[in-house]
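Heads up: the protein sequence lines correspond to chains A and B, in order. Position 291 of the first sequence, counting from 1, maps to 291 under full-length UniProt numbering, and the rest follow consecutively. Position 45 of the second sequence, counting from 1, maps to 45 under full-length UniProt numbering, and the rest follow consecutively.
No lab work stands behind these hints: they were computed from the structure. Any given hint might turn out to be false.
To be verified - Stretch-level coverage of chain A by chain B, calculated; a stretch enters the list once three of its residues show a Cβ under 8 Å from a Cβ in chain B: (1) 142-149; (2) 342-355; (3) 369-380.
Model, not experiment: these values are computed from the prediction. Using N, Cα and C, we set each Cβ at its ideal position, and we do this for glycine too.
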Amino acid sequence: MSYETEQLSEVKVFKDPVHRYVHVKDRLIWDLIATPEFQRLRRIKQLGTTNLTFHGAEHSRFNHSLGVYEIVRRIIENFADEPNWNKEERLLCLSAALLHDLGHGPFSHSFEKVFKLDHEHFTQQIILGDTKVHEVLERVRPGFSQDVADVIGKTYKDKLVVSLISSQIDADRMDYLLRDAYYTGVSYGQFDMERILRVMRPMEDQVVIKSTGMHAVEDYIMSRYQMYWQVYFHPVTRSAEVILTKILHRAKELYEQGYAFQLEPIHFLSFFKGKVRLDEYIKLDESVVHYYFQLWQEEKDVILRDLCERFMNRRLFKYVEFNPGTEMHVYLELHDLFKKAGLDPSYYLVIDSSSDLPYDFYRPGEERERLPIHLLMPNGELKELSRQSDIVESISGKKRTDHKLYYPKDLIEKVTDLPIKRKIKELLNIQGDGNHVR
Amino acid sequence: MLDNHARIMQFFSMAKEVTGRKKLQKMIYILQQCHVPFEEKYNYHFYGPYSEELTLRIEELCNLGFLQENKEEKSSYYQYHYQITPEGEQFLRQFSLNMPDYSDKVEKLQEKSSRFLELVATLLYFDHLSRDEVFQKIQALKPSQNYSEEEMEEAVAFIRELKGA
Chain A
1 MSYETEQLSE VKVFKDPVHR YVHVKDRLIW DLIATPEFQR LRRIKQLGTT
51 NLTFHGAEHS RFNHSLGVYE IVRRIIENFA DEPNWNKEER LLCLSAALLH
101 DLGHGPFSHS FEKVFKLDHE HFTQQIILGD TKVHEVLERV RPGFSQDVAD
151 VIGKTYKDKL VVSLISSQID ADRMDYLLRD AYYTGVSYGQ FDMERILRVM
201 RPMEDQVVIK STGMHAVEDY IMSRYQMYWQ VYFHPVTRSA EVILTKILHR
251 AKELYEQGYA FQLEPIHFLS FFKGKVRLDE YIKLDESVVH YYFQLWQEEK
301 DVILRDLCER FMNRRLFKYV EFNPGTEMHV YLELHDLFKK AGLDPSYYLV
351 IDSSSDLPYD FYRPGEERER LPIHLLMPNG ELKELSRQSD IVESISGKKR
401 TDHKLYYPKD LIEKVTDLPI KRKIKELLNI QGDGNHVR
Chain B
1 MLDNHARIMQ FFSMAKEVTG RKKLQKMIYI LQQCHVPFEE KYNYHFYGPY
51 SEELTLRIEE LCNLGFLQEN KEEKSSYYQY HYQITPEGEQ FLRQFSLNMP
101 DYSDKVEKLQ EKSSRFLELV ATLLYFDHLS RDEVFQKIQA LKPSQNYSEE
151 EMEEAVAFIR ELKGA
């Protein structure tokens, strides 16, 4: 028996709160799960700083990756007798589903922004580089790891395979919506995934939805819409994200100025220098990042110390709604006042936009801009979802953007120059707890 | 301080009008590859390099009234036109961006079709591969576009010209 077809003596099951059970029968999948690079995902939270808003959101990229694998496994099971489905792609799909997030680092959104990194690049590197994952994949056949990397990178020749892992209705999104809803405890992320899986049909180069399943897909789109606003764009989570980003900026700036850290931040050095080797990237997980943040609370630098203390103890920035179209002059005035008050505005006055967040809504888009969700009509025609569904159409054209201005209310209260303090408070409309609409 | 928004607005103040979201996506990607410091993150997405961040940023700029979006109905899809507004020009004046002069590149890109720019962007996306490998990759990934050998050669020459410009 070749490694490719080797099965475990019995099906292994992982208990999972979202899918009940995750089933593993292939030796390859079992071995991939056991690699250090995959086990590392246990130490990276799926939702970064969201646990500071929704305390249940402690789930990891490991849980999510297993979930995506399980969804793809079920889809493939349903596709078994479909004419457009190539059964030989099964193991490739399962491997790509399992490994699709392998390159995520700790708080990857902030890290990517500050250090100009791309987790997708590291996913490719881990799959193709000198790693245990690569070694296991190549046991299937030489070049198998490249195929897995191509599926995840969406450059594999069979687009049907790609669309299972990455499209507007893919296993990745279905798992994270259900899982994030479960762990945050919100009730609006629910939709009938079983129904969607039953109405998925493989076509030549994409997965389409049988038109009778349109209402289940509407539910999925609505839950996506609700989750973005209620969970992913939550202003308190964004406040934590702003502080985290500023900590990384400050540490990098201090390093560039030759600042003497009390303990040399060896795990960050390659990030500061802008040349991150794969082995260094893999070593940095959330435990390491928290360790440094803990230490930096004792640093001499007042800004780094303050920001770390805020992040570790959830002493977050307050915010006001901000309209860059009409209020840029307010921002500029505040910028000036913050400087006069001794508060560095590059760290303590931050505009945060929804486009700074890594989530996307359903958009039908233009022809050949991106692949929309297609419904398979009874006559065999394909129709774009928002052209058939009033519900989807109604949320497709709505305003889905937002800007906020973040600031440390407690530090403003400590400003000793009273006229400046009064003016800042007036411009930010601070009366009570903060968090206001101007 | 919304510098990434301002960079996109500066692009529109040069381009005046852009027809098609696809064309816009590819123009920004190609400029990025020519070292114009746009920071939007791109991935490959079925039809070539695509940035969700750029899509959302454009939506924000439209909502803020800095860009005017006009929607034109085609047979099975919509096509969008974008133009900078006076409010957008005013917003831009508040920034002193440290950007290279790339107006000649914008002009060259404007003259090309979105189909051609899709090819150019895809060639740039795979520029770590050898010339033969890239051509094979494009034939495999874009069979429906049916790009000819001549078009690919033309795109390679265009990239050379653009990077030298």
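Hints, one by one, checked against the model:
no.: 1; hint: 142-149; result: violated (count 0)
no.: 2; hint: 342-355; result: holds (count 4)
no.: 3; hint: 369-380; result: holds (count 3)
Hint compliance for this structure: hint 1 alone is broken.
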